[in-house]
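Visitor: One-letter residues, chain by chain:
Number of protein chains: 2
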Amino acid sequence: VAAGDVARLEQLMEPLHAADIADLLEQIDSDDREALVRLWPQGIDGDVLSELDESIREEVVELLPQDVLAEAVRDLDSDDVVDLVEDLEEPQQERILQALEDSDRVAVQQSLTYPEYSAGRLMQREVVALPEHWTVGEAIDYLRSASELPDQFYHIILVDPRWHPVGQVGLGRLLASPRATPLKDIAEEDFRVIRVFDEEADVAYLFNQYHLISAPVVDDSGRLVGVITIDDAMTVLDEEAEEDILRLAGVGEEGGLSGRLIDTVRDRAVWLFVNLLTAILASMVINQFADTIDQLVALAVLMPIVASMGGNAGTQTMTVAVRAIATRDLTPRNAMRMIWREITVGTANGMLFGVLMALVAGFWFGIPMLSVVIAVAMLFTLVAAACGGILIPLLLDRFGIDPALASGPFVTTVTDVVGFFAFLGLASSVLL
Amino acid sequence: VAAGDVARLEQLMEPLHAADIADLLEQIDSDDREALVRLWPQGIDGDVLSELDESIREEVVELLPQDVLAEAVRDLDSDDVVDLVEDLEEPQQERILQALEDSDRVAVQQSLTYPEYSAGRLMQREVVALPEHWTVGEAIDYLRSASELPDQFYHIILVDPRWHPVGQVGLGRLLASPRATPLKDIAEEDFRVIRVFDEEADVAYLFNQYHLISAPVVDDSGRLVGVITIDDAMTVLDEEAEEDILRLAGVGEEGGLSGRLIDTVRDRAVWLFVNLLTAILASMVINQFADTIDQLVALAVLMPIVASMGGNAGTQTMTVAVRAIATRDLTPRNAMRMIWREITVGTANGMLFGVLMALVAGFWFGIPMLSVVIAVAMLFTLVAAACGGILIPLLLDRFGIDPALASGPFVTTVTDVVGFFAFLGLASSVLL
Chain A
1 VAAGDVARLE QLMEPLHAAD IADLLEQIDS DDREALVRLW PQGIDGDVLS
51 ELDESIREEV VELLPQDVLA EAVRDLDSDD VVDLVEDLEE PQQERILQAL
101 EDSDRVAVQQ SLTYPEYSAG RLMQREVVAL PEHWTVGEAI DYLRSASELP
151 DQFYHIILVD PRWHPVGQVG LGRLLASPRA TPLKDIAEED FRVIRVFDEE
201 ADVAYLFNQY HLISAPVVDD SGRLVGVITI DDAMTVLDEE AEEDILRLAG
251 VGEEGGLSGR LIDTVRDRAV WLFVNLLTAI LASMVINQFA DTIDQLVALA
301 VLMPIVASMG GNAGTQTMTV AVRAIATRDL TPRNAMRMIW REITVGTANG
351 MLFGVLMALV AGFWFGIPML SVVIAVAMLF TLVAAACGGI LIPLLLDRFG
401 IDPALASGPF VTTVTDVVGF FAFLGLASSV LL
Chain B
1001 VAAGDVARLE QLMEPLHAAD IADLLEQIDS DDREALVRLW PQGIDGDVLS
1051 ELDESIREEV VELLPQDVLA EAVRDLDSDD VVDLVEDLEE PQQERILQAL
1101 EDSDRVAVQQ SLTYPEYSAG RLMQREVVAL PEHWTVGEAI DYLRSASELP
1151 DQFYHIILVD PRWHPVGQVG LGRLLASPRA TPLKDIAEED FRVIRVFDEE
1201 ADVAYLFNQY HLISAPVVDD SGRLVGVITI DDAMTVLDEE AEEDILRLAG
1251 VGEEGGLSGR LIDTVRDRAV WLFVNLLTAI LASMVINQFA DTIDQLVALA
1301 VLMPIVASMG GNAGTQTMTV AVRAIATRDL TPRNAMRMIW REITVGTANG
1351 MLFGVLMALV AGFWFGIPML SVVIAVAMLF TLVAAACGGI LIPLLLDRFG
1401 IDPALASGPF VTTVTDVVGF FAFLGLASSV LL
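Chains as they are written, first to last, in the working numbering: chain A, 1 to 432; chain B, 1001 to 1432.
Worth flagging that the hints you see were computed from the coordinates, not collected in a lab. A hint or two may mislead.
Listed next, the stretches of chain A that the computed footprint assigns to chain B, with coverage defined by at least 3 CB atoms under 8 Å from CB atoms of chain B [stated by the list, open to error]: (1) 138-146; (2) 236-243; (3) 260-271; (4) 312-320; (5) 345-358.
Small disclaimer: the values here were computed from a predicted structure and weren't measured. Beta carbons: idealized from backbone N, C-alpha and C, even for Gly.
Could you build all of it, start to finish, from the sequences and the hints given here?
Guide: Put into structure tokens, the structure is as follows:
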């Protein structure tokens, strides 16, 4: 396709949704991407740019001629332009801002003054706000005559004379009510206001918890400055979950499939390096017992089992804890109960797998005391895994460190060290 | 609070949102929960029941008197009742169905005939559908006179005489247009129809990919039977991501914080058992080289490092692959490129950490050949981790098995076996 036939390309791409075009651009390699964009720049409109992954967006924006870029960004709502611009380098950012009309440019620049990951960055400035004392009829007449309305909106925000939001009316409700009804009478009971400096994660939580569709955003003085809609919240929620998954596995944000190769290598290497340090620490524990192993090589054969079981059990507890903290199901209020719960689970499984491993070791090596040692070590290790798995994320969270990012290495260290120490230590004092 | 003071309780709970009451019920323990529900049954309305976690909902429904339950479910839209009823045991399900009015009961029972996790279960049957040839004015007049409209709706669905959806009109657009405008002229360009047997995961993907707010659902003959809104899609998306996170860590759905303790123990034990089998397999590899270890105990000290690095690198690749499959960024079309990419990353990091470990081992034990052995073993292991990490999820997905659930043990087995085999095998042939 990228062999030069523009007409054919256009015919193929035209019916595609912007999101699909963006996906296509992400999936082909860098050379094909460049060829495609050069061949068919007018296909890359604002929506496609919005959908593109950050790592690729920069590359595509650079390739676009100024006039196409200008055309592309003019149709977008202000929140989408902000989203587009915030991750670009200075010169590209400048190019896009210049393409905007004056009033839009001011709006975008103002949004960019809010901190990253704040509600201010997420909101769109196009709002439909009406005085609280208006009636349904007045509202409908106003909407019909208004020259510029947001692309999509779901609520009318009611404001007092100081432009403070006091309620909101769903469009369905508005349409179903007689013209003479005061807007105030059909305002939704459940009405939540977001402050412009609120964190986007908190905003997403609000939307998810209270099933909001859209919510007004106010500045420090309580004045309405914008609105956040559910699709923005959905994106944030999606990104947060994705981030947690990748971080738990020791993969950073660059770890996607379309980022630059060297970034991926470096990003993964950082994590593997941390893991190397904890593994060396565990090896030093083993080294303490080198003489013991020298006398009974069965210990070397069985010891990875203890460590592996501990690591897995620790990961289970840690993952549940990290997610429960993220979704706010685990709070300081119920932390004690949850810690006990995990320790109980760890003890139960520790006993179960202790007995199992004792049987396996018995059949394998036929040394009764070795079975006893591995059973006790297994119990110790799984209880340690439970404690570490829940206490470490809770502590990290208390100190303001993202538990998804940092828990893994600590938990592994705890389970490895306890596992090897319990198994080899017991063996050296009991067996020899 | 649960000491019996109803008035005080009511005063405290009344201002809370249903979702918060549900969270509260989930966070207190079983006895307190029972006391609270008995004391204040009228506080548990339909919305609270909808928000409750499945594991607790059954318990709460059992405690509620029939009249309170009837009151609670009558206000809900049909999709919420279906959601409420589908996970309950037979007798409780019966109680709720009896509480409904005849027409609602039929609707709910019909929805329950669709398979679990299908669009049919997710949709609400309350739709606003109008003939395609109507005008804006006719639509507004109709809505104003209609006796029963859904709680919230965002689009009017246009249908042809056979009740097939042919387009939809956003309410904002409807309000902004003159009365004489034909609805057809303001229909949205981007219009997607969902079939009633589509899987809910695919529905959620559609909403997320194309930023839909609501979409009509049709049966096999193309007739409109319901509508799915973004909040339902958001819930599904949220659950899918959560499920992937937990499954990757070997924790099933019962693994939450409020499920029954015995379920959690069993659930985790299943996974640990699978891990035990792979760990024993790895131990059998070590056992093959027992003589080698006996002659050089440094091998026993270093070998967990090789396995640990392999396991971590494998988890990194596997997590990226599993998520990319889930979000459809990794498809058969670009699989080859991604496999090469991962192998390149694995090779690069394999060389880096091979050299690092050679240095560490050199300083520690001062045996040059041991350094060479661990370097080569590290390279082999990290390349194997990359291959296993991406090929195993792809293969599982090809065979229709959820890669998030089953990849872990396979990947660990590959990295452990390759790691131990490479390290100890090389050592036995080179060092002794």
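Visitor: State whether the coverage of the stretch 138-146 of chain A by chain B holds or is violated, taking the criterion as 3 or more residues with Cβ-Cβ distances under 8 Å.
Guide: Since three or more residues must qualify, the claim that chain B covers the stretch 138-146 of chain A holds, with 4 doing so at under 8 Å.
Visitor: At least three residues with a C-beta closer than 8 Å to a C-beta of chain B: is that true for the stretch 260-271 of chain A?
Guide: holds (count 6)
Visitor: Would you say the stretch 345-358 of chain A counts as covered by chain B, given the rule of at least 3 residues with C-beta under 8 Å?
Guide: Holds: 7 residues of the stretch 345-358 of chain A have a Cβ under 8 Å from chain B.
Visitor: Taking beta carbons only, do three or more residues of the stretch 312-320 of chain A come closer than 8 Å to chain B?
Guide: Our answer is that it holds, as 7 residues pass the Cβ test (under 8 Å) against chain B, meeting three.
Visitor: Can the stretch 236-243 of chain A be counted as covered by chain B under the rule of three residues or more with Cβ-Cβ separation shorter than 8 Å?
Guide: holds (count 4)
Going through the hint list in order, the structure satisfies each hint without exception.
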